[in-house]
Amino acid sequence: MSNPLADMDKPDVIFCIGTNMTECHPVAATRLKKALARGAKMIVADPRKIGLAEIADVHLPIRVGSDVSLLLAMAHVIAREGLVNEEFVGARTAHGEDFLKHVEQYTPEWAAEICECDPADIEKAALLYGGADRGAIYYTVGITEHICGVDNVQSLCNLALMTGNLGREGTGVNPMRGQNNIQGAGDAGALPNNYPGFQKVTVPAHQEKFREAYGREVDLEIGMTKVTALDLCGDGIHAMIIDGENTLVTDPDRHHCEHALKSLDCLVVIDIFMTETAKVADVVFPATAWAETDGVCTNTERRVQRLRAAVPPPGEAKPDWWILSQLAQRMGWDGFDFGSAREVFNELCALSPIYAGLDWDRIDQGEYQWPVPEEGHPGTPRLHEERFENGRGIFKMLEYRDPEETISDEYPMWLTTGRRLPQYHTRTQTGRSDGIDYLLSEETLEVHPDDLARLGLEDGGWAEMSNPRGCLHVKVRATGKSPKGTVFASFAFEDVPVNVLTGGGYDPVTQTAALKACPVALKPVGQPPALGQVGSGIELGRS
Amino acid sequence: MMKRNGTPATNGARLTMTLDGEKVAFTRGETVYEVAERHRKEIPTLCYDPRLEPFGGCRLCVVELEGARNPVASCTTEAQPGMVVRTRSAALEVQRRILMEMVASENRDTDVDPMHGYASQEMADLLDRYDARSGRFEGAHSGTSRPDDDNPFIKRDYENCISCYRCVRVCAEQEGDYAISVMNRGFDTQITTEFGGLLKDSACTFCGQCIQTCPTGALGDLKALANREVPGETETTRTICPYCGVGCSVDVMTRGEKIVGVLPAMDGPANEGSLCVKGQFAFDFVHHPDRLSTPFVRDDDSGKLRPASWDEALDRAAGKLRKVVKEHGRRSVYGIASGRAPHEAAYMMQRFIRAGLGTNHIDNCSRA
Numbered sequence: 001m002s003n004p005l006a007d008m009d010k011p012d013v014i015f016c017i018g019t020n021m022t023e024c025h026p027v028a029a030t031r032l033k034k035a036l037a038r039g040a041k042m043i044v045a046d047p048r049k050i051g052l053a054e055i056a057d058v059h060l061p062i063r064v065g066s067d068v069s070l071l072l073a074m075a076h077v078i079a080r081e082g083l084v085n086e087e088f089v090g091a092r093t094a095h096g097e098d099f100l101k102h103v104e105q106y107t108p109e110w111a112a113e114i115c116e117c118d119p120a121d122i123e124k125a126a127l128l129y130g131g132a133d134r135g136a137i138y139y140t141v142g143i144t145e146h147i148c149g150v151d152n153v154q155s156l157c158n159l160a161l162m163t164g165n166l167g168r169e170g171t172g173v174n175p176m177r178g179q180n181n182i183q184g185a186g187d188a189g190a191l192p193n194n195y196p197g198f199q200k201v202t203v204p205a206h207q208e209k210f211r212e213a214y215g216r217e218v219d220l221e222i223g224m225t226k227v228t229a230l231d232l233c234g235d236g237i238h239a240m241i242i243d244g245e246n247t248l249v250t251d252p253d254r255h256h257c258e259h260a261l262k263s264l265d266c267l268v269v270i271d272i273f274m275t276e277t278a279k280v281a282d283v284v285f286p287a288t289a290w291a292e293t294d295g296v297c298t299n300t301e302r303r304v305q306r307l308r309a310a311v312p313p314p315g316e317a318k319p320d321w322w323i324l325s326q327l328a329q330r331m332g333w334d335g336f337d338f339g340s341a342r343e344v345f346n347e348l349c350a351l352s353p354i355y356a357g358l359d360w361d362r363i364d365q366g367e368y369q370w371p372v373p374e375e376g377h378p379g380t381p382r383l384h385e386e387r388f389e390n391g392r393g394i395f396k397m398l399e400y401r402d403p404e405e406t407i408s409d410e411y412p413m414w415l416t417t418g419r420r421l422p423q424y425h426t427r428t429q430t431g432r433s434d435g436i437d438y439l440l441s442e443e444t445l446e447v448h449p450d451d452l453a454r455l456g457l458e459d460g461g462w463a464e465m466s467n468p469r470g471c472l473h474v475k476v477r478a479t480g481k482s483p484k485g486t487v488f489a490s491f492a493f494e495d496v497p498v499n500v501l502t503g504g505g506y507d508p509v510t511q512t513a514a515l516k517a518c519p520v521a522l523k524p525v526g527q528p529p530a531l532g533q534v535g536s537g538i539e540l541g542r543s
Numbered sequence: 544m545m546k547r548n549g550t551p552a553t554n555g556a557r558l559t560m561t562l563d564g565e566k567v568a569f570t571r572g573e574t575v576y577e578v579a580e581r582h583r584k585e586i587p588t589l590c591y592d593p594r595l596e597p598f599g600g601c602r603l604c605v606v607e608l609e610g611a612r613n614p615v616a617s618c619t620t621e622a623q624p625g626m627v628v629r630t631r632s633a634a635l636e637v638q639r640r641i642l643m644e645m646v647a648s649e650n651r652d653t654d655v656d657p658m659h660g661y662a663s664q665e666m667a668d669l670l671d672r673y674d675a676r677s678g679r680f681e682g683a684h685s686g687t688s689r690p691d692d693d694n695p696f697i698k699r700d701y702e703n704c705i706s707c708y709r710c711v712r713v714c715a716e717q718e719g720d721y722a723i724s725v726m727n728r729g730f731d732t733q734i735t736t737e738f739g740g741l742l743k744d745s746a747c748t749f750c751g752q753c754i755q756t757c758p759t760g761a762l763g764d765l766k767a768l769a770n771r772e773v774p775g776e777t778e779t780t781r782t783i784c785p786y787c788g789v790g791c792s793v794d795v796m797t798r799g800e801k802i803v804g805v806l807p808a809m810d811g812p813a814n815e816g817s818l819c820v821k822g823q824f825a826f827d828f829v830h831h832p833d834r835l836s837t838p839f840v841r842d843d844d845s846g847k848l849r850p851a852s853w854d855e856a857l858d859r860a861a862g863k864l865r866k867v868v869k870e871h872g873r874r875s876v877y878g879i880a881s882g883r884a885p886h887e888a889a890y891m892m893q894r895f896i897r898a899g900l901g902t903n904h905i906d907n908c909s910r911a
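For the record, the sequence lines run as chains A and G.
Read in order, the letters of the first sequence are residues 1 to 543 in my numbering.
Read in order, the letters of the second sequence are residues 544 to 911 in my numbering.
Hints are all accurate, no fakes.
With a straight-line Cα cutoff of 27 Å, these simulated DSS-like cross-link-like pairs (lysine-lysine) come out:
1) G:Lys866 to A:Lys262
2) G:Lys847 to A:Lys279
3) G:Lys847 to A:Lys262
4) A:Lys262 to G:Lys869
5) A:Lys318 to G:Lys866
6) G:Lys743 to A:Lys481
7) A:Lys396 to A:Lys101
8) A:Lys318 to G:Lys847
9) A:Lys10 to A:Lys49
10) A:Lys318 to G:Lys801
11) A:Lys475 to G:Lys743
12) A:Lys49 to G:Lys743
13) A:Lys279 to G:Lys866
14) A:Lys49 to A:Lys124
15) G:Lys869 to A:Lys279
Footprint (simulated), chain A over chain G, 3 or more residues, beta carbon under 8 Å:
16) 743-756
17) 833-840
18) 871-877
19) 881-893
Note that these hints are calculated values from the structure, not bench results.
For every residue, glycine included, the Cβ atom is placed at its ideal position computed from N, Cα and C.
All chains should be built: construct the whole structure from the sequences, respecting the hints.
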């Protein structure tokens with residue numbers, strides 16, 4: 001996030017897009033609700049009538065994957081109505097004039113044809129955000145998990161730049177990160193293009209720094225992404241070490257993924273449970289879990305916080321860092337003789353400019369938000385206050401692109417996926433916590449009542465959902481939460497493995513999977529598959 | 544009245560009032576209660592939660608204000624320049640004691656297990672402080688419990704309710720859920736959902752905030768209470784919730800080697816005391832029998848995974864990795880770090896790949 005969580009009750013106008021915050025980041029959503037109680041207005045762009053949409057002033061039920069068209073049209077209206085922050089654009093941005101010219105062609109009427117919203121609502125949303133003294137944008141993977149994920153994010157940046165809604169209290173472009181330490185995994189350098197602290201691997205000075213730190217020659221080119229690596233399993237990639245990820249279930253196109261992992265000569269998995277992914281490994285190492293592990297995590301607002309062990313682990317489970325450092329020593333490598341999480345974290349701080357002012361003891365109370373460039377620095381709750389990292393904020397001239405796969409006569413429905421409040425991800429944790437199943441014990445496909453009738457489905461009955469990648473059976477629920485033409489399911493339950501269907505391409509820049517837009521066909525089926533059989537959807541789905 | 548936090552003092556003049564004979568400064572918008580709290584006056588309250596709008600319901604926080612005919616509730620009285628306030632006097636102590644005796648008389652139990660929740664001992668503590676367990680107002684009770692609510696998280700024992708409305712207010716003001724409200728008045732007062740149904744059928748999200756603010760144990764954490772017989776003293780450890788990226792601070796309650804519950808950290812920088820259903824209640828996966836407690840290797844004969852020692856598993860993994868490197872080169876090994884494990888895990892994974900193999904074939908799970 002560009003701004004701290006504490007800013008979330010301060011905007012005049014909140015713009016949430018592709019974020020189901022009341023279910024996926026409930027505590028952050030409470031801050032937005034406080035802003036609303038104080039009189040703030042809220043725009044919500046989401047295909048579904050999610051919880052946030054229920055309390056929004058404007059809900060834009062855009063068709064999945066059409067975000068860029070909506071955002072271009074909003075920019076058009078803001079420019080047309082003279083709501084551009086000329087001072088900010090002049091002083092702190094580049095290519096502003098080109099951008100204002102670029103968006104002249106993108107009227108709300110043009111966008112409405114693509115995003116299937118009322119042009120008057122697009123107009124209204126643009127006037128609200130454009131007219132705000134403090135306008136704040138919040139998004140989640142509903143923005144990034146598309147073939148145009150980067151375009152989506154840059155479209156949001158364009159809106160914030162043209163209205164000067166950056167670098168001030170209650171403003172910003174704020175991604176809500178979905179996992180407790182997904183920010184930290186990037187911070188720590190688990191990226192093919194960056195060393196720790198987002199130091200690019202292609203910069204000679206960085207290469208020199210890590211050559212010296214690690215005492216060996218380093219590759220000068222960026223590595224491949226996980227997506228490419230999975231594509232190349234058995235053909236260039238022959239071994240994988242996977243830590244704490246149920247790749248088989250969470251990644252798109254499950255059959256492809258299963259095939260990839262089985263093509264490896266060696267798969268090593270580190271996890272706390274025998275996940276579907278662990279089951280196909282050659283070696284599985286037992287890791288310590290939350291509340292058993294001392295360590296550090298970084299939250300969505302870049303706050304670096306301590307994790308503390310409260311209980312001993314079961315049996316012989318060990319911290320991930322210990323497992324990997326022991327494995328490195330067995331490989332015969334020097335320099336992996338670490339004795340504690342503190343030693344590991346302090347080495348990371350020493351090598352990372354954004355953590356340079358931090359160490360294990362200094363983060364004890366969790367008051368620092370990175371960057372913390374030197375000792376004594378108070379941290380940076382709000383980014384871009386005085387200047388942008390690269391000098392000026394650059395407008396991007398973007399155009400709308402269709403998803404890689406679009407609906408057809410054969411596959412006439414959009415499937416979009418996500419999470420639900422009580423269950424987290426593939427239920428490896430919430431499914432093993434007493435009581436959570438009382439709130440949600442099975443997956444149901446959310447279908448608009450009109451679609452239900454049209455497709456001959458019954459509320460509470462079963463449907464076969466398919467596309468060329470696979471098929472599965474799922475119980476159907478009629479709800480106005482889904483717009484006509486779009487159905488929704490979470491990926492939480494193993495008997496409804498929606499990722500046998502997803503997989504319609506990747507963003508060309510980040511290679512983020514397009515998990516949010518996937519054409520499918522639906523037809524009624526009489527008998528449900530046997531419940532409780534692990535992977536029953538898979539067996540049924542071999543098509 | 545509305546609190547106006549942080550409103551700057553007019554003209555920069557220093558605002559002062561007299562508190563128990565001492566001249567003290569305050570900022571405009573502060574309540575008398577807040578000023579007194581800063582000076583550690585320990586004014587008793589039951590309906591007060593610092594995160595909520597002042598309510599003025601329990602009347603325990605009354606103070607003597609010069610010029611006022613009767614004692615005033617300090618939580619709803621804004622500090623004014625020149626005010627003269629006494630937080631303690633013989634008369635106030637008598638009044639507070641009687642109030643506590645009356646409050647306690649409404650309830651079936653005056654003492655509840657601390658596992659009920661964060662604030663559950665507040666009433667019992669005040670009964671001790673004011674020596675108010677006389678029982679002389681014994682009589683009618685208020686509130687009807689809901690043992691029919693079969694939810695596994697929130698105990699609804701309204702026979703121990705004192706109508707402080709903290710649960711209703713935290714649900715509305717802190718959570719914005721408005722799942723519960725107050726029905727009727729006097730001894731008939733009842734905390735209820737719409738149409739008096741189960742929490743499951745209301746707007747309740749089971750965040751547990753009502754439990755944690757309840758000062759009597761009328762609401763209780765059923766998951767923690769299920770562990771009330773676990774032997775040992777309850778200890779707490781401050782850590783961060785294991786679910787989404789908000790990074791809520793929690794205090795994990797343990798007895799011996801067992802996690803017995805979770806308390807929200809009121810001073811957590813990201814959450815300021817809030818939690819959701821997962822952070823509050825989904826903690827016991829840690830002790831699930833499915834947890835891996837030993838390494839596994841794939842058996843050469845059966846082709847199945849079987850338990851192994853660390854030595855065997857580490858040698859097996861290293862041997863296989865070395866073979867792959869030998870046959871296909873160092874660029875044929877790929878590392879995927881977790882977004883769920885701490886920094887040290889991700890850092891060590893990238894160190895393994897970069898320092899061990901010299902490649903950049905490392906990623907984390909953020910692309911899907």
